[in-house]
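Novice: One-letter residues, chain by chain:
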Amino acid sequence: MSDAAHAHDDHGHGHPTGIMRWLTTTNHKDIGSLYLWFALIMLFAAGSMALLIRAELFQPGLQLTNPDFFNQLTTMHGLIMIFGVIMPAFSGFANWQVPLMLGAPDMAFPRMNNWAFWLLPMAGLMLMASFFLPGGAVAGGWTMYPPLFIQGGISYDLTILAVHIMGLSSIMGSINIITTILNMRAPGITLMKMPLFVWTWLITAYLLIATMPVLAGAVTMLLTDRNFGTHFFNAAGGGDPVMFQHIFWFFAHPEVYILILPAFGIVSQIIPTFARKPLFGYASMVYATASIAILSFIVWAHHMFTVGMPAAAQLFFMFSTMLIAVPTGVKVFNWVATMWKGSMTFETPMLFAIAFVCLFTIGGFSGLVLAIAPVDIQLHDTYYVVAHFHYVLVSGALFAIFAGIYYWLPKWTGHMYSETLGKWHFWLSVIGMNIVFFPMHFLGLAGMPRRIPDYALQFTEFNQIATVGAFIFGFSQLLFLAVILKTIKGGVKATDRVWEGAEGLEWTLPSPAPYHTFETAPVVK
Amino acid sequence: MQQVKLDDCEGGSAGAFVFQSRPNHSLTRTQERLVFWSLAVVCFATAISFAYLGYWLILPFAGLEIGLLAWAFEALRRRAGDYETLMIDGDAVVLEWHCGTRDGRREMNRQWARVVCDCRSPGRNCRLSLSSHGRATEVGQYLSDEARLQLAVTLRSRLQG
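So the sequences go chain by chain: A and B.
Counting in my numbering, the first sequence runs without a single skipped number right up to 525 at its last residue.
Counting in my numbering, the second sequence runs without a single skipped number right up to 1161 at its last residue.
Note that these hints are calculated values from the structure, not bench results.
Quick reminder that beta carbons are idealized off the backbone N, C-alpha and C, glycines included.
It is possible that some hints are incorrect.
To be verified - Here are some chain B residues pointing at chain A (derived, C-beta under 7 angstroms): (1) Q1020; (2) N1024; (3) F1036; (4) V1041; (5) I1058; (6) F1061; (7) A1072; (8) L1076; (9) G1081.
Stated by the list, open to error - Each pair of labels, with its calculated beta carbon distance range: (10) B:E1146 x A:R111: 33 to 43 angstroms; (11) A:T26 x B:E1146: 19 to 29 angstroms; (12) A:V523 x B:D1118: 26 to 36 angstroms; (13) A:I372 x B:T1101: 53 to 63 angstroms; (14) B:R1029 x A:K193: 13 to 23 angstroms; (15) A:T24 x B:H1133: 50 to 60 angstroms; (16) A:K341 x B:T1101: 54 to 64 angstroms; (17) A:L485 x B:C1119: 19 to 29 angstroms; (18) B:C1119 x A:F365: 55 to 65 angstroms; (19) B:E1146 x A:A55: 49 to 59 angstroms; (20) A:Y515 x B:D1089: 50 to 60 angstroms; (21) B:H1133 x A:P514: 35 to 45 angstroms; (22) A:P522 x B:R1029: 17 to 27 angstroms.
Said to hold, decoys possible - The following residues of chain A were derived to be distant from chain B, with all beta-carbon distances above 12 angstroms: (23) P105; (24) R185; (25) L191; (26) A313; (27) L315; (28) E519.
Same shape as in the complex, but just chain B (with noise of 0.2 angstroms):
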């Protein structure tokens, strides 16, 4: 579960209700390549005295390293434009989401769609989601589950506005 930055507002149209969330992502570009290259040549260079000497072998440990240190920067990347919308506007709600590498956009009729709200009580991972013609899409997967109950709420009423 990611942290969520919420923004409940109106939006689109006059009246059209907009909700969106995104994981909290504090890392900037410049602290990201100061600690990944600041890193990468220390070890590079340590590794590389080393070798020049005969010792060759900690070149390639420095290497995977490196490596997995890239890897997960690189999969924070990916994260860091992770976004949810949900817009509610007249009989249209549209649902749009990008996640990692994959985008989705889906369009519901309002007078069809259905909110799931499967939780116990919070703390028990609640699944939230809007369902339409036998087809459930879940939301709220940044949120945390009294966020989730209260996002419920909220699209009761507007769906049945």
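Bound-form chain A, shown alone (with noise of 0.2 angstroms):
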């Protein structure tokens, strides 16, 4: 209640049209919308990166790019893929769905969440206009070791300015979603009662509050290095080049689980509604995926196992993070008990899914291979390492964002997509896919170095067939846009529910949700 002399709050008429509408929403669907959009566009710039690497690696020989050009892409590849595609779809699904899952009418703090993604676009332009500066984008790799990373020209601070304001965004973001999950639950949802996506966003958002200081500090330190003339990872002047590869996977490592904590949730809202059946275990998976993000601050040094460190130094590296195959083993098994003896259909979300499973579960095998220190001495920076981490990243996250688009864009959108189309997408996708990365692992077994533009002539088969498998998976992300733009135009209307199995309150709303949704908050019995 306020006086209307002296008091104006939001109630003002008239909503912003056009630009200004998206410059200053405060919605969280409008915002949701921006993030997933910012990471569509993200993916295809950073896909043609990767398309461009595998044209150059089609044959040995260098045939279209330069060595330092090379590095600029594979870095800028893994930077935005990161930064720029991962993180902000994830976002953009908690944007849209953590306040429909729990009944809030927006986030917690709406302004701050405007300003979270706005910051977003500024850093993307910053590292994509790095390619245009004198010396070029960064080429030290995403991960920005010293001393490379000190020698660089004017794009490397430029960078390290994107990486602090991605940060920031991030943090901004992960606030917004704790206290929008903690504090807006409608009446009824105890946090033992909260979907699985909203539980592992939570405890991703955890994590990233937990590890971007970490990361914050690591590219200060490497500002001052090189523009105030500190010496922190500067052996020329008593510092530690080793000490950043610490520091840097301190916050890295947690940063992997930031980046698939979220899929596990998706995908755990997905099983249960295509096998008609609820979630098998849903406490065991909650302490599971606390589980692994807690294990994942002390198993970074597994990335560096070639640097040199003590025998139980290495043994407990090891250990721990073969530790993390419990948890995850729990998960697997629990999304495969859910579907056993369910009334299983597949359409595209659960074929995603399933194929998430699937090919997850063969990226956490050839992680455990790797955690094996002397096996990793002998695999590490080959191919065998890209193979791993693209199974987990392309087939783990990727996939779980393509199955999520799926499952919510009827909600989103009030329309159905098109399932044929959806349908050459996913096998389009899972062929290309493994196509790509399968031969990956021959590679790196057989010895071949990663972030290489030109290679020994007998990797040329595997490395033929890798591009292929790119080509094709790349451009089948065409058929996915084609989906999305012809669901937004039209289409068979979506009902509200959508989905015959799906439970949960934001299928309660209609299709498309409205604007302004649980003004009045619903009580969950």
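Two chains, each in its own frame: build the complex with the hints.
Specialist: In structure tokens, the structure reads:
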């Protein structure tokens, strides 16, 4: 209640239209859409870089790029895919779905939400613009290791600034998500009644807040080493470049789980819907997610077995890494148990979810192989590692994003997508993805190093197969864009519940979900 | 717009109409402490460990971030006690509200109070206020448009009766 003579709140008449609507919006659905569109644009940008990399690697020798530009492409592909595609896409899902799943009218801090998003395009623009600066973009790998990163040109400073901005955006987004989940649950939604997607995001946001200062500090120390004469990581001045790796991976290993936990959440929503059974072992899923998050803080040095460390440390990091397989195994078991004897149908979201379970497990197993210190010493910096993390991040995170988009798109747009086109997209993606990345295991085992534009003749065939797969996978994403645009434009009207087996508050709303929802909190029994 | 907990009840003296609404607030003090301190301890333990090794620049970022988190929880706590109460008792119309750190109270005479509802259709930011002697006081800020329209109808009937 406020005195209208001197106080006006947000009851302003007439929303801004056109570009101003999107610049000033504080609506969680608008901001969710912005995140998802940004991620899609960045996916095509970083995907194009990947295709250029694969085109160069089609045969030995240098064809399309020079070594420095090749290194710029691999670095920017990694940075953009992680910070510009996967993370923003999951933030988009969180913005759309968390309030709808909890019966909340919006995020806890809507204006901060707007800020958190609009920082991202600025950072993305800086990263992309660095290609046109003297010396080109950063070329030392997405891990930004010194001394290479200390020696580069102006684009390295710009990248540090972009990383800071993206970090700030992530922190604001995470604080918003944590406060929304904790404070805006409708009456009756206790923590252990929350949908698993919300749980995974709560834990993801916790990880982000816990690790972001480490990244911010690390890149700031790089910046001061580069410009202000400090020697944190400069061996010539008494610094320790290996310490950067420890600091970086202390952030970046939890970051891997930041990239995959929301994917677990999406898949945990989809499988019960299309198996028409409740999720098997809900509580164990929550505890497994939390266990993975906790363990992620004590495994960082498995990325650095080759830098040299005491045998006891190698053993510790080896066994702690293997321990992560236990809660991950619990999850895979529960997804399979949910499907067991379910009344299953295989719409596109379910196909992507099943592909996720199968292929992510392959990525997990190759991770276990890499966790064995003596094996890792052989395979470090080979294509085996590239195969491993692409099985985790492409068939893991990206496939979960595809699954989530197909699953909730009818709720967002009010129209059903074309199942035929969706299935074409699925099969081309899953076949293309395996053609690209499976041969990389063999290349790595045979000793082909990563991040090198040229290679010995014996690696040619597998590289050619991978390149063909990359183009199939890459161009099939145009089909995905076509599906989205077609669904937004029109199509069969979606029902409120959309999927027969769907459970949860978001399915009680009309399709498309109205601009304002749950202004009066529902009571959940 | 916040969520609402709506208590439409008869209260005050016999026959008085009391309507109270407040935003939904599911965060308990224990949860808040648990989340805040667990994050603060992890962040500072990490930052202090690295600072001890000479890499002190993580520490200010940890401080800034935990400061932002503290501000966010503090902002939520400030809003936790927000409410609006509207009471019609005989000829007295009493509005009371607590919003953040501000408290307010206004009394009107039932004969002079008018319901002003500016709403083309639900979902278009309807505004509801009570006006008397040329001064309007907005009510129902925690309500949805539909609930505001419903309240407007109830208030008109109560003020006429």
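Novice: Each of the hints needs a verdict: does it hold here or not?
Specialist: Going down the list of hints, with the structure as the test:
1. Q1020: 10 angstroms, violated
2. N1024: 5 angstroms, holds
3. F1036: Result: violated, 10 angstroms to nearest chain A Cβ.
4. V1041: Status violated, d = 10 angstroms.
5. I1058: 3 angstroms, holds
6. F1061: With a closest approach of 4 angstroms, the F1061 of chain B hint holds.
7. A1072: With Cβ-Cβ at 5 angstroms, under 7 angstroms, it holds.
8. L1076: 5 angstroms, holds
9. G1081: With a minimum Cβ separation of about 13 angstroms from chain A (threshold 7 angstroms), the hint on G1081 of chain B is violated.
10. B:E1146 x A:R111: 33 to 43 angstroms: 25 angstroms, violated
11. A:T26 x B:E1146: 19 to 29 angstroms: Hint holds: Cβ distance 21 angstroms, inside 19 to 29 angstroms.
12. A:V523 x B:D1118: 26 to 36 angstroms: 30 angstroms, holds
13. A:I372 x B:T1101: 53 to 63 angstroms: Since I372 of chain A and T1101 of chain B have Cβ atoms about 59 angstroms apart, the given range 53 to 63 angstroms holds.
14. B:R1029 x A:K193: 13 to 23 angstroms: 21 angstroms, holds
15. A:T24 x B:H1133: 50 to 60 angstroms: Given about 36 angstroms between the Cβ atoms, the range is violated.
16. A:K341 x B:T1101: 54 to 64 angstroms: 57 angstroms, holds
17. A:L485 x B:C1119: 19 to 29 angstroms: 36 angstroms, violated
18. B:C1119 x A:F365: 55 to 65 angstroms: 60 angstroms, holds
19. B:E1146 x A:A55: 49 to 59 angstroms: 57 angstroms, holds
20. A:Y515 x B:D1089: 50 to 60 angstroms: 38 angstroms Cβ-Cβ, so the 50 to 60 angstroms window is violated.
21. B:H1133 x A:P514: 35 to 45 angstroms: Holds, at about 38 angstroms.
22. A:P522 x B:R1029: 17 to 27 angstroms: 25 angstroms, holds
23. P105: Nearest chain B Cβ is 5 angstroms from P105 of chain A, so the label is violated.
24. R185: Its Cβ does come within 12 angstroms of chain B, the nearest being 4 angstroms, so this is violated.
25. L191: 8 angstroms, violated
26. A313: Since the minimum Cβ distance to chain B is about 15 angstroms, A313 of chain A lies beyond 12 angstroms and the statement holds.
27. L315: 21 angstroms, holds
28. E519: 3 angstroms, violated
Taken one by one, the earlier hints fail for this structure at numbers 1, 3, 4, 9, 10, 15, 17, 20, 23, 24, 25 and 28, listed in ascending order.
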